[in-house]
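Chain by chain, the residues run as shown.
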Amino acid sequence: MEKKLPTIEIIEKYCKGCHICVEFCPTKVLEMQGFVAAVKNLEACIKCMQCELRCPDFAIKVTA
Amino acid sequence: MEKKLPTIEIIEKYCKGCHICVEFCPTKVLEMQGFVAAVKNLEACIKCMQCELRCPDFAIKVTA
Amino acid sequence: MSGRYELRFSGAGGQGLILAGVIMAEAASIYDGKQAVQSQSYGPEARGGASKSEVIISDGSIDYPKATVVDALLALTQEACDKYSHDLKEGGVLLIDSDLVKNQPKGNFNVVAFPIINTAKNEVGREIVANIVALGAMVALTGVVSRESAEKAVLARVPEAFLDLNKKAFNTGFEKAMAAKK
Amino acid sequence: MSGRYELRFSGAGGQGLILAGVIMAEAASIYDGKQAVQSQSYGPEARGGASKSEVIISDGSIDYPKATVVDALLALTQEACDKYSHDLKEGGVLLIDSDLVKNQPKGNFNVVAFPIINTAKNEVGREIVANIVALGAMVALTGVVSRESAEKAVLARVPEAFLDLNKKAFNTGFEKAMAAKK
Amino acid sequence: MAFDYDKYLRPGKLPHIWCPGCGHGIVMKGLIRAIDACGLEKNNTAIVSGIGCASRLPGYMDFCTLHTAHGRAAAFATGVKMAKPEMNVILVGGDGDGTAIGGNHFIHACRRNIDMTYIIMNNNIYGMTGGQFSPCTPTGAKASTTVYGNPDPAFDVAKLAIGAGATFVARGTAYHATQIDKLIAEAIQHKGFSVVEILDDCPTTYGRRNKFKSVIEMMNRLKEVTVPVKAAEKMDPEQLKGKILTGVLFKEERPDYTSEYAKVIERAKGAK
Amino acid sequence: MAFDYDKYLRPGKLPHIWCPGCGHGIVMKGLIRAIDACGLEKNNTAIVSGIGCASRLPGYMDFCTLHTAHGRAAAFATGVKMAKPEMNVILVGGDGDGTAIGGNHFIHACRRNIDMTYIIMNNNIYGMTGGQFSPCTPTGAKASTTVYGNPDPAFDVAKLAIGAGATFVARGTAYHATQIDKLIAEAIQHKGFSVVEILDDCPTTYGRRNKFKSVIEMMNRLKEVTVPVKAAEKMDPEQLKGKILTGVLFKEERPDYTSEYAKVIERAKGAK
Amino acid sequence: MAKKVAFMQGNEAAAHGALYAGCSFFGGYPITPSTEVAEVLSVELPKVGGKFIQMEDEIGAMASIIGASLAGSKALTSTSGPGLSLKQELIGYACIAEVPCVIINVMRGGPSTGMPTGPSQSDVMCAKWGTHGDHPAITLVPASVQELFEETVRAFNLAEKYRTPVMVMPDEIVAHMRERIVFPDPGELEVVNRTQPTVSPEQYKPYDTQFGDVPPLAAFGSGYRFHVTGLNKMADGFPTTKAAVVQAEEERQVRKVEANVDDIVKFEEYMVDDADVVVVAFGSTSRSARFAVNEARKQGIKAGLFRLITFWPFPEKQLLAISKKVKAFVTPEMNLGMCTGVLKGCVEGNAPVHGIFRVDGEPINPTQILDKIKEVK
Amino acid sequence: MAKKVAFMQGNEAAAHGALYAGCSFFGGYPITPSTEVAEVLSVELPKVGGKFIQMEDEIGAMASIIGASLAGSKALTSTSGPGLSLKQELIGYACIAEVPCVIINVMRGGPSTGMPTGPSQSDVMCAKWGTHGDHPAITLVPASVQELFEETVRAFNLAEKYRTPVMVMPDEIVAHMRERIVFPDPGELEVVNRTQPTVSPEQYKPYDTQFGDVPPLAAFGSGYRFHVTGLNKMADGFPTTKAAVVQAEEERQVRKVEANVDDIVKFEEYMVDDADVVVVAFGSTSRSARFAVNEARKQGIKAGLFRLITFWPFPEKQLLAISKKVKAFVTPEMNLGMCTGVLKGCVEGNAPVHGIFRVDGEPINPTQILDKIKEVK
Ligand SMILES: Cc1ncc(C[n+]2csc(CCOP(=O)(O)OP(=O)(O)O)c2C)c(N)n1
Ligand SMILES: Cc1ncc(C[n+]2csc(CCOP(=O)(O)OP(=O)(O)O)c2C)c(N)n1
Ligand code: SF4
Ligand code: SF4
Ligand code: SF4
Ligand code: SF4
Ligand code: SF4
Ligand code: SF4
Ligand SMILES: [Mg+2]
Ligand SMILES: [Mg+2]
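Sequence order for the protein chains is X, U, E, Y, Z, W, R and P. Numbering follows the numbering used here, in which position 31 of the first sequence is assigned residue number 44; successive positions increment by one, without gaps. Numbering follows the numbering used here, in which position 49 of the second sequence is assigned residue number 62; successive positions increment by one, without gaps. Numbering follows the numbering used here, in which position 36 of the third sequence is assigned residue number 856; successive positions increment by one, without gaps. Numbering follows the numbering used here, in which position 154 of the fourth sequence is assigned residue number 974; successive positions increment by one, without gaps. Numbering follows the numbering used here, in which position 9 of the fifth sequence is assigned residue number 134; successive positions increment by one, without gaps. Numbering follows the numbering used here, in which position 87 of the sixth sequence is assigned residue number 212; successive positions increment by one, without gaps. Numbering follows the numbering used here, in which position 113 of the seventh sequence is assigned residue number 131; successive positions increment by one, without gaps. Numbering follows the numbering used here, in which position 240 of the eighth sequence is assigned residue number 258; successive positions increment by one, without gaps.
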């Protein structure tokens, strides 16, 4: 059975493009697209929640 | 040869009659006379200077 | 200034003169149904130096709360006497402690002198009630409040434990003054 | 208001618009010998939000230091364009970043649009000089200061290390505007 | 699984005013998780701040919020707590607000051991006014008023709080986001005055001037310079040189102020 | 043999305003002996105070004397010292002046480690205003505003000073008159901010209310509750319970503020 | 049942007045000559479950009463000159955040430490103008022990009614003198409490002008959650820089008081109707003035007394009217001309204003005033 | 040799003005919108061996400059509304102890935190009346970058000449706008230093009136030893409660300034002579006013501008004289009527005073003023 992927929601109007989530994601799931963060490689997500915890702007939500 | 006695000067207009010098003199040299301190028994003075050091009012001077 | 009578209690800070003044004023305003105002002046910040307590007693309302021409002055120390006797009126009552006030102010006053502190210490038993002794004397000399009211006022102000002591102080002062004044 | 010319540089905080305004004003007052006043408005306390920098240039003395009717407006963001275009005068110059300002304000203005930020980033090489690119363009479009004076002013304000970069930014902006305006 | 912050946020106030990468937002999220963990009731909880970027925090929180004057949060809060001892009172603010102009109220709140929790977001600078040095700016650092390097020594906020009598003192960082809520929760549960210092970042006014290329570098520094107290116990002085301890640094049980005052009321009523 | 105090006193100012038995006079004498021992030059020495009975001290001293506003001595003195670093600056004041309203200036002077000496005469009360409790009044004690017993915990002034960064902290008592001058002298010689707390007595507003029959009893208490640090080392916790340590409690070498600022000036002149 | 009477000091009466008004929180810092207010309340407040706290300084004291008031208490602080100066920033906070509270400031000699035990009337200008920015001001200046009690009650009422700080400013003489006082029975004097919201917590806005210029104020912890700030704010309490809103709010904050002067202003006219010379005085000085006026009348001089009980708002209307009928005003005051200046400012030159100024720690005596009356009559 | 010219911000110019005047000490605490003054001096002062210190708060900042001044430095602090309120107690100290110092207060929206980045002119009343007790006040209100430089120099001169604190109060617009400034050469502008004692240290008294109303002030550490206090003092600086001395000293402290208004008061009259309507304005508002007056004249309306450069002492004499000739005054100001009230107070009803008040963070524009001129002409 294939593993269930989390959903990662990025609220663009909150994101201020600080790069924090991108840089500190242990598995490089995220990337910057222009001024905002975006999901690049959802498969790699290990649901560690670091991105959500560290986002200063309430802009990223990870749901398993 | 007889021992040289110190001179103990009490400046009455400075003395506020707090009793400190009298109470803490180890050899009970001093006494209160009315509102001010006075020398009662000069012979007993051991020149420890406690009275002078503790007088809050600069009212007592001991000179050997 | 209908029947305006002015008293000043003066001496050194800590001698309880403010209380003496307050009791005098209370005797008048609470027990004798007159008008009375008591006020005082302090030294630097809240303590020390010569201190005075003034009482104005009147049948009518009292506007100006401070003394204008003093009718009766108590002086427990020389410093206080020198400092506060200037506006004692011609023929006014001047009560002084005969041990502590050696030179009296010039002017013709009705001077009464006896060893107030000493009386408190030796005859009444405690130096701290000298102010009440003085109060008793002032009541006797001025007659501006009744002896009964004054005594009531004293007893109302002092702690239970010291009622008799203060009663004794008050009466001793009253008698001494009567005698001294003869 | 003898020959009073009003410019407004607007965008987001941190885009260096205040500096752009200052350089424009310096070009006028220090190098062209005209009168100039530069002023700005801030967001809450010292930071953030849409920001504007205003420059008044005149031959005579300038009394009122703020804009009354704006002759030329630069808007680097949509928010700034919406917020600060209300008092742009009929036929006034409106320079906008074509990538970031999608809907232009109504009114007949002399609109010039090109991708300012992008030009700075890709043609000049550094995004941070977008303000100088914009400045070059404003100089070209308004002609209120001479190209030489403006360039002098730019070079006088920027750090040694970045002289060429800013020179390039200024000239690129100038040329682009000329072209865009055609 | 995703934590629901909205439950505690006032609707429609985001995005907040803080700059990109400002650590204050990370701290606010930690505070929200802590409040949730402690099950504090919104109506019964006051959040009080002074003035500064950090002090803008209460405005976003759906509680009884009080944005006071610069440096005065602890004194306003003391009034709230004394008037309604049953309320939970949480103070938030910056290093400048709390240790510069607010220093006196801070040490006296510590002394009284009044049952409130104070979260100091220490970004080593006066952010809101554009980056003048604060009493927590490291010696030698650059600020808009120390272009030649800061001559002032910095406070050790935790040491100051302990010296003044606080009974719970902890330190975390914006990098160690997972720990923020745990430290704050423990502080809230502590009966008495509790202080939680969060080492924070201000990329806008501190980072640039001090040669940090990005907020990422600032975050990484927070990781590098800190050592958890537990870990520190096993390290020798050499290894600890220049390190800053994190975790619960001090904890002590002492009667809290409003409980003590309740006894005054009892005595007074008895005296009647 | 009798020490000549008059050399340092302003002529004609005695008797001083302090009450009979007030310890402030004992401290002033100790200060004079210390100044004499350190050979400070009158013209080159400023004595700065706040407001309170203790703060009346400078008026009697024949130096450059500054009687400031309540609580502000340290801040005024900082201005004097920065303007003329070559001057010796000595601060004196009461516990209320220094730790209540003056608390912020006090902790920041400690933090800066500015080379001044601060003598705090701690009589545990606001004497001048008639005996309201101070931040140094023991819990449970009686004051004019704590008739039911003081609910406030008291500061440990030395602990506070150390927590704030002072580099020399000592404690003496009015009873141990002989040590006052030694402690103050050592403090003056220390380069940096030095604090000397003298446990003092206020018979007028504290003694009576707290059942001391006389100033003698207050003095004896100072003897009984204190233990010299040296002696304490040899005592076990049991014996030390409720005891207050005296002597030099803390000493550390750190660059002092005006020396550091001198370097700023060098750097600035270099930068020109 | 006979009324409770007592012979007490002004400051004690102020403390009892506060209790009568329902004061349940006192935050202060001791200063001569106001300490007795704090001392009495430290004893009395806990007896009724109220709170007394001695803060670290006057700023903390002012902050604490604002906090306590927002938590629903009627809050008081007492101080004197130097302390009042220190409180100024937060007095402004109470004005803009519209937090009811009362400040008793006993006037002593200034500036700075000045003469701590000497009487003065030199804080009346900083009572209105001390804090920066535009703001309302209400200042009461009682002249007797009884009136100090009653005006303290009124101070709380005005603070609650208009959601603004109110100052009571006895001079040191009124604060320290002792007189007979008759305690009003409970209910005898009006006691006002701030209006509470009638809307639901969801609909509540702390500055909701649909309820008039003085919006209802809920208490923290009462089920209403809201935001309070010292920044310019909107109806919902959140900061704004919207020009129109800011202008409106600033104007309303001042209008609350300015539009209600008739409700707030209180004064006493004594033989003013036919007077040629009107003495305008307040506090203990007005007692000397009454004495002097009586003397003058005995001597056939038409003198009168206009006694200010509210100093701010100043009774401009009334005095302007009087200025058209009188030959001259005499303004005795223990400062260098504060009331004199304000009075000149509102009589449009209709009548000369002759000041008598004392700043030497001595009261102005009746003779000084009488002489001046004779001189200018 | 050509003069140094620069294009700079008002706050920078103020800092350079201070340096020109010989300022050697700055003690401050940052606050918008005054921070640039501190920032520039933190860079420039150490270059010339001066001292810059950032204190723990505004009270400490004010204390530090008084201390530094007593040690012989020309000392400055800069702040804005909330900070000014906090400094009030110690401003009073500087007044009574007669310590020269300068306070630059950049006016932002108040009260309390108000609108930190919005321009305002609402601190002018607390500049004079903020601190408790009677005291002198000198307040300068420049309207351009050049004038801010020059008035800062003058502020130091007046402080040194009269031994009293002096305030410079640009509004946020003047403080933050940039203009061309021409630096005066050294010696071009007068620079005054406090008079030094001519007597020996033994004979020196810090308040020795035999040298006039402004006694010489020695510096700590200069060989002169003396005592300074915030209590009422005698000639030798020691506290006194002697009525006569206190009265005399208090009066002298105020007289120093009151008796020298002509030396201190500075203003500009622009087309006032034949004017029917005179606009009285200061700071940036006066620039809008000049614009409006010019427009009015173009339209044939006899308008004029009386520009205050010194707000305190207020040019009462001059304006009273003008009030007898004009139809009306117009007073535009970024507050709710402070200058308006003061002006009314001194024109004895001779001419109506029409205020234009803005407290919304927006400048008063020329059109508003022009419209009012037309309305009242
Ligand atoms: C009385 C007063 N003084 C100064 C200021 C200016 N001011 C506003 S915020 C601030 C410092 C903020 O620094 P901090 O508390 O560390 O918060 P941060 O902005 O760094 O988060 C200052 C000095 C003010 N608003 N009020
Ligand atoms: C701003 C201000 N607040 C309050 C006071 C009143 N005050 C004068 S001295 C003092 C306390 C003095 O206590 P402390 O410093 O311990 O000195 P002590 O009299 O006990 O020696 C107070 C509260 C004041 N003068 N100024
Ligand atoms: S949850 Fe962890 S792994 Fe997944 S995106 Fe976020 S940081 Fe990366
Ligand atoms: S951390 Fe948040 S704000 Fe920063 S880039 Fe990622 S989503 Fe955007
Ligand atoms: S010197 Fe010593 S022995 Fe002599 S009198 Fe004094 S205390 Fe007594
Ligand atoms: S100690 Fe001094 S003041 Fe006290 S009694 Fe002795 S001599 Fe007098
Ligand atoms: S200035 Fe600094 S502290 Fe303020 S919001 Fe920006 S990053 Fe955060
Ligand atoms: S009141 Fe206390 S502190 Fe003040 S002088 Fe008297 S004894 Fe000393
Ligand atoms: Mg900070
Ligand atoms: Mg004390």
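What the hints contain is simulated information worked out from the structure, not anything from laboratory work. Among the clues, some could well be false.
Beyond 10 Å from chain X on every Cβ pair, some chain Z residues (computed) [unchecked claim]:
id, residue
1, Lys154
2, Ala279
3, Gln314
4, Val352
5, Lys366
6, Glu377
7, Arg392
8, Ala396
Restraint-style ranges between C-beta atoms, simulated for each label pair [as the list claims (entries may be wrong)]:
id, chain 1, residue 1, chain 2, residue 2, range
9, P, Ala261, E, Glu910, 55 to 63 Å
10, E, Met998, P, Asp231, 53 to 61 Å
11, X, Cys61, Z, Lys316, 47 to 55 Å
12, W, Asp361, U, Ala51, 39 to 47 Å
13, W, Glu349, R, Glu206, 20 to 28 Å
14, Z, Phe375, Y, Leu983, 52 to 60 Å
15, P, Thr213, Z, Phe375, 31 to 39 Å
Where a beta carbon is used, it is the ideal one built from N, C-alpha and C, also for glycine.
Verification of the supplied hints:
With a closest Cβ-Cβ approach of about 7 Å to chain X, lysine 154(Z) is found to fall inside the 10 Å limit, against its non-interface label. With a least beta-carbon separation of about 24 Å from chain X, alanine 279(Z) lies farther than 10 Å from that chain, consistent with its non-interface assignment. The beta carbon of glutamine 314(Z) is kept farther than 10 Å from every beta carbon of chain X, the shortest such distance being approximately 21 Å. Residue-level check passed: valine 352(Z) sits 20 Å from the nearest beta carbon of chain X, beyond 10 Å.
With a cut of 10 Å on Cβ distances, lysine 366(Z) stays outside the contact zone with chain X, its closest approach being about 27 Å. At roughly 30 Å, the least C-beta separation between glutamate 377(Z) and chain X is larger than 10 Å, which holds for a residue marked as non-interface. For arginine 392(Z), the non-interface assignment is confirmed: its Cβ lies about 49 Å from the closest Cβ of chain X, beyond the 10 Å cut-off. Distance check on alanine 396(Z): its Cβ is at least 53 Å (rounded) from any Cβ of chain X, clearing the 10 Å threshold; non-interface status holds.
The beta-carbon spacing between alanine 261(P) and glutamate 910(E), approximately 24 Å, falls outside the hinted interval of 55 to 63 Å. Against the hinted window of 53 to 61 Å, the Cβ-Cβ separation of methionine 998(E) and aspartate 231(P) comes to about 58 Å, which satisfies the hint. Range check, cysteine 61(X) to lysine 316(Z): Cβ separation about 34 Å, and the 47 to 55 Å hint is violated. About 46 Å separates the C-beta atoms of aspartate 361(W) and alanine 51(U), a value consistent with the hinted range of 39 to 47 Å.
Taking 20 to 28 Å as the suggested C-beta distance range, the pair glutamate 349(W) and glutamate 206(R) does not conform, at roughly 55 Å. At about 55 Å, the CB distance of phenylalanine 375(Z) to leucine 983(Y) agrees with the hint of 52 to 60 Å. The hinted window of 31 to 39 Å between threonine 213(P) and phenylalanine 375(Z) is violated, with their beta carbons roughly 56 Å apart.
Figure legend: structure checked against the earlier numbered hints; hints not met, in rising order: 1, 9, 11, 13 and 15.
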